[in-house]
Amino acid sequence: MKSYRKELWFNIPGRRAFINITDEVEGCLKDSGIREGLILVNAMHITASVFINDDESGLHRDYDQWLEKLAPHEPVSQYLHNRTGEDNGDAHLKRQIMGREVVVAVSGGKLDFGPWEQIFYGEFDGGRKKRILVKIIGE
Amino acid sequence: MKSYRKELWFNIPGRRAFINITDEVEGCLKDSGIREGLILVNAMHITASVFINDDESGLHRDYDQWLEKLAPHEPVSQYLHNRTGEDNGDAHLKRQIMGREVVVAVSGGKLDFGPWEQIFYGEFDGGRKKRILVKIIGE
Amino acid sequence: MKSYRKELWFNIPGRRAFINITDEVEGCLKDSGIREGLILVNAMHITASVFINDDESGLHRDYDQWLEKLAPHEPVSQYLHNRTGEDNGDAHLKRQIMGREVVVAVSGGKLDFGPWEQIFYGEFDGGRKKRILVKIIGE
Numbered sequence: 003m004k005s006y007r008k009e010l011w012f013n014i015p016g017r018r019a020f021i022n023i024t025d026e027v028e029g030c031l032k033d034s035g036i037r038e039g040l041i042l043v044n045a046m047h048i049t050a051s052v053f054i055n056d057d058e059s060g061l062h063r064d065y066d067q068w069l070e071k072l073a074p075h076e077p078v079s080q081y082l083h084n085r086t087g088e089d090n091g092d093a094h095l096k097r098q099i100m101g102r103e104v105v106v107a108v109s110g111g112k113l114d115f116g117p118w119e120q121i122f123y124g125e126f127d128g129g130r131k132k133r134i135l136v137k138i139i140g141e
Numbered sequence: 003m004k005s006y007r008k009e010l011w012f013n014i015p016g017r018r019a020f021i022n023i024t025d026e027v028e029g030c031l032k033d034s035g036i037r038e039g040l041i042l043v044n045a046m047h048i049t050a051s052v053f054i055n056d057d058e059s060g061l062h063r064d065y066d067q068w069l070e071k072l073a074p075h076e077p078v079s080q081y082l083h084n085r086t087g088e089d090n091g092d093a094h095l096k097r098q099i100m101g102r103e104v105v106v107a108v109s110g111g112k113l114d115f116g117p118w119e120q121i122f123y124g125e126f127d128g129g130r131k132k133r134i135l136v137k138i139i140g141e
Numbered sequence: 003m004k005s006y007r008k009e010l011w012f013n014i015p016g017r018r019a020f021i022n023i024t025d026e027v028e029g030c031l032k033d034s035g036i037r038e039g040l041i042l043v044n045a046m047h048i049t050a051s052v053f054i055n056d057d058e059s060g061l062h063r064d065y066d067q068w069l070e071k072l073a074p075h076e077p078v079s080q081y082l083h084n085r086t087g088e089d090n091g092d093a094h095l096k097r098q099i100m101g102r103e104v105v106v107a108v109s110g111g112k113l114d115f116g117p118w119e120q121i122f123y124g125e126f127d128g129g130r131k132k133r134i135l136v137k138i139i140g141e
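Protein chains in written order, with our numbering: chain A, 3 to 141; chain B, 3 to 141; chain C, 3 to 141.
Just so you know, these hints were derived from the structure itself, not from any lab.
One or more of the hints may lead you astray.
Here are the simulated BS3-like cross-link-like pairs (lysine-lysine), alpha carbons at most 30 Å apart as the crow flies [to be verified]: (1) Lys4/A to Lys71/C; (2) Lys32/B to Lys132/C; (3) Lys132/C to Lys71/A; (4) Lys32/C to Lys8/A; (5) Lys71/B to Lys4/B; (6) Lys71/C to Lys32/B; (7) Lys8/A to Lys132/A; (8) Lys132/B to Lys8/C; (9) Lys8/A to Lys112/A; (10) Lys4/B to Lys4/A.
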């Protein structure tokens, strides 16, 4: 069994964004030389997500508005978590909806994807350096 | 390390449905000959889910009504995504709540499940052929 | 390839709670002797979650209030599932938001975590013995 590990770093200027990371993950897979196995891609921070969906800008704005409705940022005083001095209580909730991680099959040396699947980093509390982990195991 | 791959195809007549796929996934596991490892089962489409819960028809109707409340199909004009000509903006949101994939342990050649765990395909934008992926790695 | 399996049991006195299980999972990893691979930690019951987030009591109360808003326990008659004689319809919904499972990378014999990541058992229908599964594969 082979294994491969890499961290990918981000520094999103605003509070929230969705970034397509499919090419970077494919680059990791190529580097690993693994042809059959599983890839785990996970946020290493607890106010960010990794998820798979469509690379369509209207949809991303729909996600942003929907998450803001389900877990609004303002007023920050509505979250007990923010009594610690943070203002990111909403980001911890949004991340649970969108998920921490994806696991993707590796078949024939490729990400084994359906026609529209793309991997995204979802940032809900940006403005600083944060990272995700790519771990691949297989042969 | 052994690996196994199979696609399962669906063509749901209506817009939404939950289909129990536990037997098909168990069939894949038997075919694979793998006794210890992990199974990944994921939707290959971005308006569908694979999830684990109870095979109880009342619960499935509860899920449907709840998802419709959290991310209503109508009016379709409420989703920017639908400006692309689609009417499935809601389906992309519902799928995030229910999840893309499950990872299940394989122990002694069986799905390592608690007493009520069953695997479901969740369709949120049916009426056409769609598929899921079963990938198994182990020994 | 090595594999390791262990069940962790819980008996939460009230209806809902979040329990930090990071130390128990780390203990499993140590027992397994696996240095590179993947850990799957999943609820074996369908009204409970395993998730990764922050060990901060204010945040946990925020989660509880938020889940109660998205899928209220009362009135129990609002859920068709409860016509089976159960009163836990809400717990099946809450568990979908928080997730069934996490997959964590194992690197150099350790849980490959970011600075604040901790693993939690989320109970939404307590008052009886329930369990989670820890499955590790790797080398």
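To see whether the hints hold, each was checked on the structure:
1. Lys4/A to Lys71/C: 45 Å, violated
2. Lys32/B to Lys132/C: 28 Å, holds
3. Lys132/C to Lys71/A: Violated. Lysine 132/C to lysine 71/A sits at ~34 Å, over the 30 Å cutoff.
4. Lys32/C to Lys8/A: Given that 30 Å is the threshold and the Cα spacing comes to 23 Å, the pair holds.
5. Lys71/B to Lys4/B: Given pair lysine 71/B, lysine 4/B is violated - Cα atoms ~43 Å apart, limit 30 Å.
6. Lys71/C to Lys32/B: Violated, at about 43 Å.
7. Lys8/A to Lys132/A: 14 Å, holds
8. Lys132/B to Lys8/C: Status violated; Cα separation ~36 Å.
9. Lys8/A to Lys112/A: 17 Å, holds
10. Lys4/B to Lys4/A: 13 Å, holds
When each numbered hint is compared with the structure, violations occur for hints 1, 3, 5, 6 and 8.
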